[in-house]
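As you go down the protein sequences, you meet chains L and A in turn.
Counting along the first sequence from 1, when you hit position 4 you're at 4 in the numbering used here, and nothing is skipped either side.
Counting along the second sequence from 1, when you hit position 7 you're at 7 in the numbering used here, and nothing is skipped either side.
If you're looking for bench data, these hints aren't it; they were derived computationally from the structure.
Beta carbons are placed, not taken as given, at the ideal position from N, Cα and C, and that holds for glycine.
Each hint should be verified, as a subset may be incorrect.
Covered stretches of chain L (in silico footprint by chain A; criterion: 3 or more residues with CB under 8 Å from a CB of chain A, positions within the stretch not fixed) [unchecked claim]:
| # | region |
| --- | --- |
| 1 | 27-39 |
| 2 | 227-233 |
| 3 | 309-322 |
| 4 | 385-395 |
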Amino acid sequence: MKHMTRLLGAVSLAVTSLAAPVFADGGTLVIASTQVPRHLNGAVQSGIATAVPSTQIFASPLRYDENWEPQPYLAESWEVSEDGLSVTLNLVQNATFHDGKPVTSEDVAFSIMTTKENHPFKSMFAPVDTIETPDAHTAVIKLSQPHPALLLALSPALAPVLPKHVFGDGQDAKSHPANSAPVGSGPFMLEEFTPGEAVVMKKNPNFFIDGRPKLDEIIIRIIKDPSALLIAMENGEADMYPFMAGSQEIKRLEKAEHLGVTTDGYAAVGPINWLAFNTASEKLSDVRVRQAIAYAVDREFITKALHRGVSAPQRGPIIESSPFFDESIPSYDVDLDKAKALMAEAGFADGMDLTIDYIPGPKEQQQSLAEYMKSQLKKIGINVTVRAAPDFPTWAGRVGGHDFELSMDVVFNWGDPVIGVHRTYLSSNIRQGVIWSNTQQYANEKVDEILNAAAVEADPAKRKALYAEFQQMVAADLPIYWINALPYHTAYDKKLQNVPTGIWGTMHPMDQVSWSE
Amino acid sequence: MNTSYILRRLFYGLLLMLGVVVLNFLLIRLAPGDPAVVIAGEMGGATEEMLESIREEYGLNKPVLTQLGIYIANVAQFDLGESFFFNQPVTTLIGHRIGPTILLVITAQLLSIVLGVFLGVIAARKPNGPMSAFVSVFATIGYAVPVFWTGIMLIILFASVVPIFPVEGMQSVKLRDAGFFVKALDVLHHLILPAFTLAIIYLAQYARLSRASMLEVLGSDYIRTARAKGASEGSVLFKHALRNAALPILTVAGLQFGNLISGALLVETVFNWPGMGRLAFDSILRRDYPTIMGVLFFASFMVVVANILTDLSYRLADPRLRGR
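In isolation and in its complexed conformation, chain L is listed as follows (with noise of 0.2 Å):
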């Protein structure tokens, strides 16, 4: 009878934890995600899906404000030289490995050496020449040049930290097996990983920062179906779900009432969606053709209208968010008339038949534009066939290949434009076969030009100016027209305290974000 008792008691509450879900103790925060990460060491891998948990696995030298400033992190002090040519990271004392062993300047210098070698963006170490190491805590970074991207470049989305003695054991670093069990100094050490299901991380209780983190747990679940996902966020399985971009998920998701549904936290990400043209085409070498497109397109109509609000208009090629974009650029508002003469000016008064591609994803930021597109061009004589591209690899080969004429594609900032921007405008950058170079094939010397000065020039001021004097170039020449910031939004449950909402959003450590009960 005891045991019948007991056994009743068991399944009563198995039953009502089924029925309704509990939050275990308060202290575990699960984040839904439809983004599928390879492995979890951000040092060898961009992307949203690995940044995510590397950042709370990794510490790196410094972490970024709200406003775009630097605060210390593993380096509790940082001096640039006089000239540019030297970086000195004072690290700091009391920080460990999870496995217990100390971070020293050995790792630090291990790091970056590494992310150079291995990293997909060359241009954030490029300059890098030797890191000497004069003590355990003191790390002195050596440039070929100038480098005022640097220190972004030393956030924890981009430089993690990793331990020497983990993965300088001679193999290669983009397939090391400690990257899908890694070890780092980060607020949260990995307990689990199963590939495309789940990462669990547990709070490290030897965290460098004292009191921090607060959450004793944080779990990724990969829901690749975005419609079972947001059944989780709304019934409570689910406490946050960042770079949401659907219209209709951010409206369905701002009605729950225990949720809270918020646009910061992308503004380093600078993730933009936009029509890019292969300018070495017949067609579409003649810029008058380019621009004829871009006034007979209605940014506003897209933005307004088919994003139904929750996107923003982006109208160059540097994120309006950031404090280098230029104001003045020039916006190309519709003007079908102008559109026409244009065209007409260029030789094709008769119009001209063209193909538009579009990396497959979401359907209301690419595939929706791509046959907005179709009606809208019409108009101009511009008769489009839209070729979709059954996944990735097929658009990659084309677009990559510069077998397409039209392309509609997102590419990101990734915070400093030396990391994001400059790679789809430098002459340099026209790569045959590889996605996100200059596919666009754009060549103008001037623009190379001036890259190359804003990459070394230290002085904040300048460095803008040359920023929106290329700006205002490449918005003349339009290899690019931009469209819309892709509308990355993040819906939490509004007990969570300190949601992530920085220049880097959730590709940063959470160690202050808490529950409020």
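Following the hints, position chain A against chain L.
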């Protein structure tokens, strides 16, 4: 049952597996798209040198037939290679997922056989009654409706209208630290919708099949004899008739196993069930050759094994075949 028969079946099974491996390998290579570009794309773009080094690392720069030879040699040693995407052994990835898939498939199989046969038997009792008509209509609809549609309808019904079942995943993350019993109930709770979705299409088939099979058997002499000697209706139906009507059901059950596994791919995708089907689906989009081939290898292996077992059990169930 003689040994040479079993050995012959095993040999054919092995030959079939070899054919499957070769066919899979060549078919996948025919699909456009370069895995190196996908990997580089996932990394955020790359240089030519990086693409070359990726191709080199994964042996993609060797001639296709050489790659095939290497692959067969590796598979013969039970080495399915490393996933291009996750850089982990394919066997590890499949190891994580084979359990959930087997759980889903077996549950659906049992559910469809038990419920289907039961419905069929009931219907066969009065072939012109309302129950029989219901079974026929239900079977037609169940067979005609695509499984993913059923899944989505069930999700809408049980998530928005009457939210009593979880709609995705296999367990609730917030019960991670709970005891075994609670966790088992949690898995069961998650299992109901996907298993039922997968079962419906086959359930309908079993119902029709057992109805037809039972009708035939119920008209035979030995049933009349059983009735004449005063056996109860239940005993007549389930003991005398069903046992004889079961043979075609058994055959179909074995043959259906392959369909169930391919159905599981869709159901797993709809319900975010952490099984092999979803792994296969995602891997195809990523051109992750080793993983796709590994999943196909395991799936074919399960089908071949199921067929051999059906063959053998057929002989066990039918005494007339035992001596052959």
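These are the hints, each one checked on the structure:
1. 27-39: Per the Cβ count (5), the hint holds.
2. 227-233: Contact hint for the region 227-233 of chain L vs chain A: holds, 5 residues under 8 Å.
3. 309-322: Violated: only 0 residues of the region 309-322 of chain L have a Cβ under 8 Å from chain A.
4. 385-395: With 4 residues close enough to chain A, the hint holds.
Of the hints listed earlier, the one the structure fails to meet is number 3.
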